[in-house]
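Novice: Sequence:
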Amino acid sequence: MGLEIKMPDINHSEWQYIGKNKSIRVGLMQLKSINRGAMIDVLKYRREKGPFSSFHHFLQRTKMDAADIAILIKAGCFDELEPGQTRPQLLWQLKSYFAVTQTDRKKGTLSLFEVEASPNLPQPPAFDEETTLQQEVEALGFLISRHPLTLYRAQLNELSYIKGSELKKYIGQRITCIGWFVTGKVTSTKQEQMMEFISFEDTTAIYETTFFPKTYDRFIHMVSSDRPLILRGKVEAEFGAVTLSVDQVEFV
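Here the sequence shown stands for residues 1 to 252, numbered as in my numbering.
Keep in mind the hints are simulated off the structure, nothing from the lab. Be a bit skeptical, because a hint or two may be false.
As the list claims (entries may be wrong) - Dumping the calculated DSS-like pairs for lysine-lysine here, alpha-carbon to alpha-carbon at most 30 Å: (1) Lys163 with Lys22; (2) Lys185 with Lys214; (3) Lys190 with Lys234; (4) Lys190 with Lys214; (5) Lys32 with Lys20; (6) Lys22 with Lys63; (7) Lys6 with Lys44; (8) Lys22 with Lys44; (9) Lys32 with Lys44; (10) Lys214 with Lys6; (11) Lys163 with Lys6; (12) Lys6 with Lys32; (13) Lys95 with Lys169; (14) Lys44 with Lys20; (15) Lys49 with Lys22; (16) Lys185 with Lys44; (17) Lys234 with Lys169; (18) Lys168 with Lys234; (19) Lys163 with Lys190; (20) Lys49 with Lys63; (21) Lys20 with Lys49; (22) Lys163 with Lys234; (23) Lys63 with Lys44; (24) Lys168 with Lys190; (25) Lys32 with Lys22; (26) Lys32 with Lys49; (27) Lys22 with Lys6; (28) Lys20 with Lys6.
Using the sequences and the hints, build the whole thing.
Specialist: Listed below in structure tokens is the structure:
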């Protein structure tokens, strides 16, 4: 389908998700633990006064507390507004800004510009990829910029498995796959035993699996969207559909 999921952005996101053409912009409502009232005030200001011109313009014109702004930074909401600055640099600016007392700011004895320009202000490099992705999960509850399996790269490098996109090459064979839960449909057999058809994905494709009653009873408690699984079973084809009939499940 080619649908693009865009990161939340302080100048482009609304409270709800918004779709345009073949893209969806994540809404600020997705930010975990964010103060809704303060965020709505920010959106109201933006609609009335226009977009923010810089990070320090945002700090000066809004009344959000430091914890909420840190969530915005970690979620990448200022990445487009401040492409020349790393997220750690923005966090340092935030810390420095709130270190200035309310009295100092009211007196005008120290402006945010002076805080930013201070030679003593650290200029840390960007977070490494793992830290960036972990913070994205903490802020949003899921990954947007990368597939969640990226967080398990080290563990996956030690495993031997078949890519989801290659299942059709192994019809009739037992294989091992890596899967991140997408969705499932529970049903029952004629003997009223529970089973489930589950869609998993890896970095190459979404593929279908079947958890027959014995497998369902033993392993369904392990299936969730919180972590990837090692799935073992036999590849089967019926009416043109290729599925993995799972009989063993482990956590990555």
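Novice: Go through the numbered hints given earlier and state which of them the structure violates, listing their numbers in rising order.
Specialist: Hints 6, 10, 13, 16, 19 contradicted; others consistent.
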